[in-house]
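Participant: Each chain, letter by letter, is given below.
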Amino acid sequence: MNAPATPRGRILIRRPTADFAADDGAPAYVLDRPVAGVRVGIRHDGTWRSWQYIARVWADFLRRDGAIPVLLQTGERTGAEGEKTRADLDAWHGEIDCAVSGLGTCGSCTMWSVRDAVGVEATGKPVIAAICEEFVGHARTTASFLGHPELKVLVLPYPLETRPEPELAVIAERYYPRFLALIGARR
Amino acid sequence: MSGALQSPTIELDDDPEALYELSLAEGWGDGVPLLPPTDERVEALLAATPLAPSHAIGKLPPRHGTATVELAAINAVMAGVAPDAFPLVVAALEALVRPEFNAIALTTTTSSVHPALIVNGPSRDKLRIDYQAGCLGGAAGRGSMTIGRAVSLCLRNVGGQRTGATSRTVFGQPARFGQCFGEWEERSPWPTLAERQGFTRAQDVVTLHGSKGDFPVADTNNDDPRDLACMLAKCISYPLSNYYLELTGDCGQIVVVVNPMWAERFGKAFARLESFQEYLREHAWQPIDLWRPANQEVLRRKSRVDAQGRVYLVNRPEQLVPVVAGGLGSLHAMFLPSWCQSEMQSAAVHAARWTEESLDAALVEARALVRSDGADLILVEADPASARVVLRLDVGDASCATGSCVMPGDALRPLIADLLARRLRGAMDLRLIDPRAVEPGSNAPDPA
Numbered sequence: 001m002n003a004p005a006t007p008r009g010r011i012l013i014r015r016p017t018a019d020f021a022a023d024d025g026a027p028a029y030v031l032d033r034p035v036a037g038v039r040v041g042i043r044h045d046g047t048w049r050s051w052q053y054i055a056r057v058w059a060d061f062l063r064r065d066g067a068i069p070v071l072l073q074t075g076e077r078t079g080a081e082g083e084k085t086r087a088d089l090d091a092w093h094g095e096i097d098c099a100v101s102g103l104g105t106c107g108s109c110t111m112w113s114v115r116d117a118v119g120v121e122a123t124g125k126p127v128i129a130a131i132c133e134e135f136v137g138h139a140r141t142t143a144s145f146l147g148h149p150e151l152k153v154l155v156l157p158y159p160l161e162t163r164p165e166p167e168l169a170v171i172a173e174r175y176y177p178r179f180l181a182l183i184g185a186r187r
Numbered sequence: 001m002s003g004a005l006q007s008p009t010i011e012l013d014d015d016p017e018a019l020y021e022l023s024l025a026e027g028w029g030d031g032v033p034l035l036p037p038t039d040e041r042v043e044a045l046l047a048a049t050p051l052a053p054s055h056a057i058g059k060l061p062p063r064h065g066t067a068t069v070e071l072a073a074i075n076a077v078m079a080g081v082a083p084d085a086f087p088l089v090v091a092a093l094e095a096l097v098r099p100e101f102n103a104i105a106l107t108t109t110t111s112s113v114h115p116a117l118i119v120n121g122p123s124r125d126k127l128r129i130d131y132q133a134g135c136l137g138g139a140a141g142r143g144s145m146t147i148g149r150a151v152s153l154c155l156r157n158v159g160g161q162r163t164g165a166t167s168r169t170v171f172g173q174p175a176r177f178g179q180c181f182g183e184w185e186e187r188s189p190w191p192t193l194a195e196r197q198g199f200t201r202a203q204d205v206v207t208l209h210g211s212k213g214d215f216p217v218a219d220t221n222n223d224d225p226r227d228l229a230c231m232l233a234k235c236i237s238y239p240l241s242n243y244y245l246e247l248t249g250d251c252g253q254i255v256v257v258v259n260p261m262w263a264e265r266f267g268k269a270f271a272r273l274e275s276f277q278e279y280l281r282e283h284a285w286q287p288i289d290l291w292r293p294a295n296q297e298v299l300r301r302k303s304r305v306d307a308q309g310r311v312y313l314v315n316r317p318e319q320l321v322p323v324v325a326g327g328l329g330s331l332h333a334m335f336l337p338s339w340c341q342s343e344m345q346s347a348a349v350h351a352a353r354w355t356e357e358s359l360d361a362a363l364v365e366a367r368a369l370v371r372s373d374g375a376d377l378i379l380v381e382a383d384p385a386s387a388r389v390v391l392r393l394d395v396g397d398a399s400c401a402t403g404s405c406v407m408p409g410d411a412l413r414p415l416i417a418d419l420l421a422r423r424l425r426g427a428m429d430l431r432l433i434d435p436r437a438v439e440p441g442s443n444a445p446d447p448a
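Residue numbers (this note's numbering), protein chains in the order written: chain F, 1 to 187; chain V, 1 to 448.
Same shape as in the complex, but just chain F (with noise of 0.2 Å):
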């Protein structure tokens, strides 16, 4: 591309941006079906406390409702650590029938909430992705640059780290019924 000539007193530059993918991309799914019976993956990593006690609290809420929880914490991602998350990403795909992915309240690890989650989506499975609401913005971004911007997103309090237990408690069970509608569970 032959740059053109420029008058007195004016210069061409070169435009330093790349282009960024558009944001369309992969369809979302729907579980379309009562939840009971179904395979319901809870994804959680190590750090985030809170999370992993919505995530109990709503396995035991699944097993009521007849489901059966298939919860995975997810461990590193570099080295051989690294390796065997990934191993363990894809053997949790084959085990589930939907799933929920969190907990974004961080940027990298709303990053990898939104990863972990497209990552079922990729497999035709429904999905969400728990994100809270200070993080709600970097997962849809996230979401679109993966090619997935219909991804389904439960957004819930900031912050819920550091709550006490009864108020976690409280909030699991506010959000459970807002986490089967999201996701598409019949009644």
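Don't take each hint at face value.
SDA-like cross-link-like pairs, simulated, lysine to any residue; straight-line CA separation at most 25 Å [claimed, not checked]:
| hint | chain 1 | residue 1 | chain 2 | residue 2 |
| --- | --- | --- | --- | --- |
| 1 | V | 302 | F | 152 |
| 2 | F | 84 | V | 247 |
| 3 | V | 59 | F | 18 |
| 4 | V | 126 | V | 238 |
| 5 | V | 59 | V | 6 |
| 6 | V | 59 | F | 89 |
| 7 | V | 268 | V | 247 |
| 8 | F | 125 | F | 152 |
| 9 | V | 59 | F | 171 |
| 10 | F | 125 | F | 39 |
| 11 | V | 302 | F | 18 |
| 12 | V | 302 | F | 91 |
| 13 | F | 84 | V | 306 |
| 14 | V | 302 | V | 238 |
| 15 | F | 84 | F | 66 |
In short, the hints are calculated from the structure, not lab data.
Guided by the hints, dock chain V onto chain F, whose structure is given.
Facilitator: Here is chain V on its own, set in the frame of chain F:
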């Protein structure tokens, strides 16, 4: 060469403030004035690498924009990178896009982490990479101040990293402007960082470390280098380190920047680098009682507490990476804490189209083509930037009548051009002056 550039052009006033204002409006910059990426400047950088402008170095996170060599050069021009330093920018980007560097997480996290660039190799001084006093900031060598900045601008403009949008860093850090320093190899008692990464001292190598910032330590209380190393290890294993957030101490590295005076002391106590690293690792732990009871429980649940009640920082000695640099004040050291979820990466530069040495080596082979016939090739001119070489054929007394029949210039030239292009890795403009082509009455020989 401007026909090779593909990036869109923008016309603006030939006024330094015009580009500065545009960069602020468009979000291209880091808030500091930039040099205009004119074709002339961009091409000067492109001439310093054998890679084609369209060559894709990789996709830069977080938005996965494709970093072509051309886009890297445009951003490097804006950062103020000198042409001969551009190959280091390319090498840094090559290291950055490797999956184990985990740049996607590094560029999006709430942490302050950012790639710190550490340079080894023979070009360190020529490129003005700071490695002595003030090397982590303030020494103001052009290489140090611009190479890291170019990588940061590439992450911004090619990767789409924008604070508050795709990056959620809470504080950032000064090094997000760009951090690049060299190792004072001559003052290190151990192999250089690049050698430990599998390269040679003859190579220019850049190493990327996901660094959370610069953590200073000082000491005048310890005369025994082992005591000093022990306290250094205790500082590195500070209780709110990222390592104690992790499920294991298995990932990432900590760069320990040791001043030359301490390096000499450590070198006497630990002749082998590995023994120094082992010693640091052995002492890089804290007693579980240091933490409050609830925090102790968290660490226990993560299986981070051993049978002696010690919470080790890292699992392996090689995760503690000494680098010798800094001034000769004998009481300071720095370490660059780890974000943990990123593995240090190194890459060597791609050589420019040729160096003096590589051209000489190629010419030895070219001369062999004609020397068997009693002729020779004389180097008249060589310009790596324009890939132009001028040779004069010296046929001496050789002639077909005496049995030494040197090939005609128009047959010889493509052979030599092909040889040089293969040896010097790139097409070139070869002019071969053949004195036999002089016409009677002419003052100048015709070039082949």
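Participant: Please go over all the hints and tell whether each is borne out by the structure.
Facilitator: Quick rundown of the hints versus the structure:
1. V:302 - F:152: Outside the cut-off at roughly 31 Å; violated.
2. F:84 - V:247: holds, 13 Å
3. V:59 - F:18: OK: residue 59 of chain V and residue 18 of chain F at ~10 Å, within 25 Å.
4. V:126 - V:238: Violated, at roughly 38 Å.
5. V:59 - V:6: holds, 17 Å
6. V:59 - F:89: holds, 24 Å
7. V:268 - V:247: violated, 36 Å
8. F:125 - F:152: holds, 12 Å
9. V:59 - F:171: Not OK: residue 59 of chain V and residue 171 of chain F at ~40 Å, beyond 25 Å, violated.
10. F:125 - F:39: Answer holds: residue 125 of chain F to residue 39 of chain F is near 11 Å, not above 25 Å.
11. V:302 - F:18: Given that 25 Å is the threshold and the Cα spacing comes to 42 Å, the pair is violated.
12. V:302 - F:91: The given pair, whose Cα atoms are some 23 Å apart, holds under the 25 Å limit.
13. F:84 - V:306: Since the Cα atoms of residue 84 of chain F and residue 306 of chain V sit roughly 23 Å apart, the hinted pair holds (cutoff 25 Å).
14. V:302 - V:238: OK: residue 302 of chain V and residue 238 of chain V at ~18 Å, within 25 Å.
15. F:84 - F:66: Between residue 84 of chain F and residue 66 of chain F the Cα gap is close to 31 Å, so the pair fails against 25 Å, i.e. violated.
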